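Letter by letter, the chains look like this.
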Amino acid sequence: DTAVSQTPKYLVTQMGNDKSIKCEQNLGHDTMYWYKQDSKKFLKIMFSYNNKELIINETVPNRFSPKSPDKAHLNLHINSLELGDSAVYFCASSQDSNTEAFFGQGTRLTVV
Amino acid sequence: GENVEQHPSTLSVQEGDSAVIKCTYSDSASNYFPWYKQELGKRPQLIIDIRSNVGEKKDQRIAVTLNKTAKHFSLHITETQPEDSAVYFCAVLPYGNKLVFGAGTILRVKS
Numbered sequence: 001d002t003a004v005s006q007t008p009k010y011l012v013t014q015m016g017n018d019k020s021i022k023c024e025q026n027l028g029h030d031t032m033y034w035y036k037q038d039s040k041k042f043l044k045i046m047f048s049y050n051n052k053e054l055i056i057n058e059t060v061p062n063r064f065s066p067k068s069p070d071k072a073h074l075n076l077h078i079n080s081l082e083l084g085d086s087a088v089y090f091c092a093s094s095q096d097s098n099t100e101a102f103f104g105q106g107t108r109l110t111v112v
Numbered sequence: 001g002e003n004v005e006q007h008p009s010t011l012s013v014q015e016g017d018s019a020v021i022k023c024t025y026s027d028s029a030s031n032y033f034p035w036y037k038q039e040l041g042k043r044p045q046l047i048i049d050i051r052s053n054v055g056e057k058k059d060q061r062i063a064v065t066l067n068k069t070a071k072h073f074s075l076h077i078t079e080t081q082p083e084d085s086a087v088y089f090c091a092v093l094p095y096g097n098k099l100v101f102g103a104g105t106i107l108r109v110k111s
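Chains A and B supply the protein sequences, listed in that same order. Mind the numbering: the first sequence is residues 1 to 112 in the numbering used here, read in order. Mind the numbering: the second sequence is residues 1 to 111 in the numbering used here, read in order.
Simulated from the structure, these hints should not be mistaken for laboratory data. Here the structure is a predicted model, which means the values were calculated and not measured. C-beta atoms are modelled at their ideal positions from N, C-alpha and C, and glycine is treated no differently. Heads up, none of these hints are tricks.
A partial selection of chain A residues facing chain B, derived with a Cβ cut-off under 8 Å:
no., residue
1, Lys41
2, Leu43
3, Ile45
4, Ile56
5, Phe90
6, Asn98
7, Gly104
8, Gln105
9, Gly106
According to the in silico footprint, chain A covers these stretches of chain B (three or more CB under 8 Å from chain A):
no., stretch
10, 26 to 34
11, 45 to 54
12, 99 to 108
Could you build all of it, start to finish, from the sequences and the hints given here?
In structure tokens:
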């Protein structure tokens with residue numbers, strides 16, 4: 001069974017479009033995250049949700065909005081996509097702040 | 001906020017040799033220090049972690065050492081094998097419930 005799953009795995013879209021990436025975890029974890037990995041492999045946190053409450057909101061453009069319908073899901077919605085949004089986006093979850101973060105398989109977003 | 005520096009950015013070793021990757025951090029309140037391995041096209045996965053009340057931890061060929069006074073910790077891989085080739089990330093958990101990652105080290109093990 002996949003612990004953290006995100007869909008789609010690949011996403012190619014045109015500039016200006018709106019898209020969503022879905023993430024689900026079946027580990028019963030309280031905290032979920034979204035990370036962006038750019039072409040230089042640098043992993044940067046975008047959002048963190050704990051028990052459906054946004055606890056960290058990094059300085060990302062407000063075109064990015066996380067949506068958490070329940071504790072097991074944290075979706076990422078992106079409006080008005082730009083070329084610079086092209087990257088691999090990873091969802092992750094952890095039981096609490098002091099334990100291992102489990103990553104999804106990543107979504108490679110390409111904006112053309 | 002927390003600042004994590006990781007060195008080197010790339011590392012090439014001969015199969016069987018040891019590899020060492022070092023990270024320094026700035027927030028003395030940080031208390032959890034994991035290492036992740038990311039193979040090409042795959043997700044990052046935890047390989048070892050250490051908490052601030054421990055100075056060293058070992059798991060078969062990998063070990064992590066922590067120096068809280070100097071605010072640095074290192075990953076040691078002994079008897080490297082080709083399958084150890086990957087990108088390795090250190091991370092730090094400062095106050096604020098957020099893992100901060102280093103920039104990553106590309107390890108190449110030559111056979």
